[in-house]
Amino acid sequence: MAISLKVNGATRSVDAEPDTPLLYVLRNDLELNGAKYGCGMTQCGACTVLVNGAARRSCVTPVGSIEGNEVTTLEGLGTLDKPHPLQKAFIDEQAAQCGYCASGMIMAAADLLNRNPQPREADVRAALADNLCRCGTHNRIIRAVLRAAQQNGRI
Amino acid sequence: MDAPHLTRREFTAALGGIVLSFSLVPKVVFGQDPARLPGSLQTNRTLDAWLRINADGSVTVFTGKVELGQGIVTALAQIAAEELEVPLARVTMISGDTGRTPNEGQTAGSQSIEQSGTALRMAGAEVRALLIGLAARKLGVSADTLKVTDGVIHAPDGRKVGYGELTAETDLKREATAKVPPKPAAQHKIVGKSAPRIDIPAKMTGGAAFVQDLRLPGMVHGRVVRPPRYGARLDSFDEARVKAMPGVIAVVRDGSFLGVVARREEQAINARLVLIEFAKWSGGSELPDPAKMYEQLMSLRSEDRVIGEKDAPVPVGAKVLEATYHRPYQAHAAIAPSCAVAEFKDGKLAVWTHSQGVFPLRATIARALGLQPRDIRCIHAEGPGCYGHNGADDAAFDAAMLARAVNGRPVRLQWMRDDEFKWEPYGPAMTMKVKGPSPAAAWSTGPSTSGARATTCGRAIPTASICSGAGTSPMRSGPARRAMPRSRTVRATATPSRSTISRASAPRTT
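Just so you know, the protein sequences line up as chains A and B, in that order. Just so you know, the working numbering puts the end of the first sequence at 157, numbered straight through with nothing missing. Just so you know, the working numbering puts the end of the second sequence at 1353, numbered straight through with nothing missing.
Any given hint could be a false lead.
[What the hints assert, rightly or not] For lysine-lysine, the following DSBU-like pairs were computed, each having C-alpha atoms within a straight-line distance of at most 35 Å: (1) B:Lys1032 - A:Lys90; (2) B:Lys1036 - A:Lys84; (3) B:Lys1191 - B:Lys1278; (4) B:Lys981 - B:Lys1026; (5) A:Lys84 - B:Lys1278; (6) B:Lys1003 - B:Lys1162; (7) B:Lys1032 - B:Lys1003; (8) B:Lys1162 - B:Lys1032; (9) B:Lys1123 - B:Lys1162; (10) B:Lys1276 - A:Lys90; (11) B:Lys1022 - B:Lys1032; (12) B:Lys1036 - B:Lys1026.
[Said to hold, decoys possible] From chain B, some residues computed to sit far from chain A (all C-beta separations above 12 Å): (13) Leu982; (14) Leu1057; (15) Met1062; (16) Ala1122; (17) Ala1177.
No lab work stands behind these hints: they were computed from the structure. These numbers were taken from a predicted model, which means no experiment stands behind them. Backbone N, C-alpha and C fix where the C-beta goes; we use that ideal spot for every residue, glycine too.
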């Protein structure tokens, strides 16, 4: 059935069953690479997106449940040419080994900065505690989020 | 080249296809031993296997090593740029593609700089010298008066020639000599400094950075069902029920291989669940009792080999210490379950894979599917970190199996989280006994088992292994190692210290 979604500021219509996880609609129907499949059961955070500005695990979010809500993916934050401060900070800090977790990390960090624009390191650690990075890039990720927070402050 | 024509570059970088053919087999004069060449030049001996100078002055670099999150592709680009005297931004990397790059076996064992880096360093120096020689002829000056800056060759009188202007005369289809000395470290401008990784920006902005992000026209989605135990055989399953499910295109069974292809990803996932629910399996092996695992490990057959001997007496008054260390079988636990995309069309197979070794993978798939290697093209596309080894090769093989069943349609095969945890090749369990005097005069190790260095054997485990029993390995562990739960043993006596390696003779599981 046709479902209408607001994704990254645009209204999109997709033909999917309402119980389809949002993750697959974003990746396959809307061809957005940001949200990643890692576990399919909210355990890893790779699929994190924002729904109305708050972090949500897209792997267990039925697409039918978010009709009319604003969905933001990594692509909605910024682009290669005009990166969001978080994206720029992650690039500047080289906050990736394989980088598969990065999108979820950035989206969880965006949720944090929405709630708390000037987080302390402990706040960042707490906010990202449920996002897994298997490579061990955590320290760079934390530095990147703190750097982005500082830059947001200046903007 | 009539191998499948889609390349990783075509989907990741919108650069379009750069089709290149080069001779992977060097021309060796009969009866004459080829000179020993450094690094991977030894096995991929022509300059055009490694480097191409483009008409716009840019450089295309080909490497058999692949990005696993370790930053190797950037490092290799730095080495090539350094020797060629071009800015890093002017280098395009092509890595791990059986249709285009050198065969450098596996990307493993921290060997990439040594093997590929050495080859690129020597080839880069040689190509730079060739270009300078061509420029000298063109300008009618002596080569040693010329200087290169940013890919432009300058004569003392102010005339200059860009690399791109020399492409017509540049013939890199020749065997490397490795006789041109590379730049001394003191002159390095790019190597030895941290360069931002070339793969990171796309990963932070939603670019198509991973094999998971590959979308081919008409692509459909596949899932596989693995047995509940190693070596279990598939007796029956409810094919009719699954075929009637929405979107299901094919249910694929071959021995105990079971998979499904569906139009949409969530349909494939749902179909897999129903396949699992009604599949009946028999036989198979139990996992080792964790409490007795190390005893079991040590009870396996072994072949002993001395790896070193030292004749050093225990010093008078020294205390002899002894310790035993264990490590269990360990999941590499990549954050992304393994994935691959495969297309089988007109008898030819293309597989996009995050394998650490596309050439060995191709050989394995060819053997398992009864295809000629020339009809298979394996193309690396990044996956998650692998930390030794993940299910990449197996997923590639699964994708090939499913693609063959839906001839002409590309299949994206994604392992589910439980597939990865249950079926990735585990890091091998090990036991090591160490004995020696303190303060140390000589070391001595007792029997130990450890992960053998990755070999260049194909690492996918063909379905046959799933169908035919798991052999003697209690756990399915790594490539070189799955065959040998006790893969390497070092034995030594205290005085003289004597170390041996033993290779367990347990049969391979494939």
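Quick check: which numbered hints come out false for this structure? 3, 5, 6, 8, 9, 10, 14, 15 and 17
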